[in-house]
Amino acid sequence: MQTLSVPLEAYQLVAALLFTIGLIGVLVRRSALIIFMSIELMLNAVNLSFVAFSRQHGQMDGQIFVFFVMSVAAAEVAVGLAILVAIFRNRETANVDEVHLLKG
Amino acid sequence: MTLPIQIDAPLGMIQPLLIVCGVGFLVLIADLVLPHAKKHWCAYLAMGGVVWAFAIALGQWGEEQHGYAGMVVLDNLSTLFNLLFLGSTFLVMLLSEPFLRQERVEQGEYYALILFCTSGMMLLASSLDLITLFLGIEVLSISLYILAGYRRDSEASNEAAMKYFLLGAFASAILLYGIALTYGATGTTNLNRIADTLTNAEGPLPAGLLLAGMAMILIGFAFKVALVPFHMWTPDVYEGAPTPITAFMSAGPKAAAFAAFLRTFFVAFGPIHADWNMLLSVIAALTMTVGNVAAIAQTNVKRMLAYSSIAHSGYVLIGLVAGGNAGGTGAIFYLIAYTVMNLGAFAVVILLEHRKGGGDELKDYAGVGFRYPLIGAALSLFMISLSGIPPTVGFVGKLYLFGAAVQTGHIPLAVIGVLNSAISIFYYLRLLVLMYMREPGEVLPPVRVPAAIGIALLVTAIATLGFGVFPGQCIEAARAGVRALFS
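As given, the protein sequences belong to chains B and R, one line each in that order.
Under my numbering, the final residue of the first sequence carries the number 104; numbering is consecutive throughout.
Under my numbering, the final residue of the second sequence carries the number 1487; numbering is consecutive throughout.
Honestly, the hints are just simulated from the structure, not real lab data.
Bear in mind that the values here come from a model prediction, so they are computed numbers and not experimental data.
Please note that the accuracy of each hint is not assured.
Said to hold, decoys possible - Derived coverage of chain R by chain B (criterion: at least 3 residues anywhere in the stretch with Cβ under 8 Å from a Cβ of chain B; other residues may be distant):
1. 1061-1074
2. 1104-1116
3. 1154-1161
4. 1409-1423
As the list claims (entries may be wrong) - Computed, partial: chain R to chain B, Cβ under 7 Å:
5. Ile-1131
6. Glu-1138
7. Phe-1165
8. Gly-1472
9. Phe-1486
Quick reminder that beta carbons are idealized off the backbone N, C-alpha and C, glycines included.
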């Protein structure tokens, strides 16, 4: 049976595209929550890239890496949201431009 | 009956790490059990764990072992860094205990987080694989995000945590993509095997992929150790975080990131040395200059020390650019020196910040030298050492770094380094001028030195002078560490 296969380069292209979208999101958006979502998008782009490379090299290393990335990302979400909640309680805003007590 | 799979997990080699982690969990449990008046026992428990781990790590000196499928290594380099991390963690705990008591925020999780952060640093220094390296960086960073925002009710602390978190997570994502691209180009995440693939590849390697990966890993590290142009978070986070945590961040985590930086670029990317050397030397020159020039304009002592910390990252980078035994030794010795003198300086900042009517502004230091002669003398010693004047450890460290740069033909970089030291003398000594030559605005109240901070001050002052006059053994240890890298 003939199956239609997607070339591995296509996965890398999609991964690079997703990563770039995330990168631009971090640099352009001003809401801390959206910046955070963009970072998650970047992490998932990396995951896709790892899996595709793993397939290309015919070994499992890259796929194992993805598990670690996912668990670390989950820990980061927990901490990040807690920090945002703490800020929101004190300030009632999640806009990074309005949080500027410290110059810089 | 034998196990079908051989498990390559020698627990002995990571014993200090396991102790630190285990005591961290114990502290969490103790925090639940202890009544509020006895919370300081958490601190004693945590310090006990650190001392225990330090003793074990000291016994591991000279041992060499690989384990966990080549992902973790025990050699003199990792042992030396473990000792540095544990020592600095212990000093930070001494600084924290009176601080937390005074601010009435004594909680066990503070010490647990510091211990978890230390375990991340130790994993980072002993990782021989990009997977463990990434895990170490994340364990370290996530604990630090929480610690930076530890004063939940303070808006400055909140803001520091948010900035640190967003930029740190962003940097981690970039580092991770760099790791993915390097994996794609070489087919392995093991540092030694990456080096093997680079030296004896059968076909041509995808050079674009490899260089992009290396550049992104470099950006990730540059964020963690605060190199220009990725240093913007440092002053804000240093100013907003609780002062003991600022001291902690500038000591252990910075050294840990440099340890991983050293291993990755000397071992894995060693064969393509020529591709990154020029770039790193430009970054080193920029980092020193921007850090020192910006520090002059600061009016807040914590911000000034933040920019000074950026500048010192630039000095350490000179060692990485020079490379080889001399450069590596210089970088490691300078990291030890910087940790010692900077923790001392922060101990004084904590003391003066917490006296009645004290603060972090430069004007709060007016007349301090005559009113508190011992504290003034200690701060003078640390400032002299930070600016690199003999007979202190800062001078010896710079001597070795600039010497290594000259030996390997990086003379312009050494000249820029020396010029920068001259600039830095201005703002370090300005603090001394303020302390000794300016009259205070009002009569300064007496300051009470808690025993713990007193001990920390004494230890750092003795080390600053001692390593400055007799640097021999410390240099030998650093040299032994670098030798492990090239064996």
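* Asked: Which earlier hints can't be squared with this structure?
  -> 1, 2, 4, 8, 9
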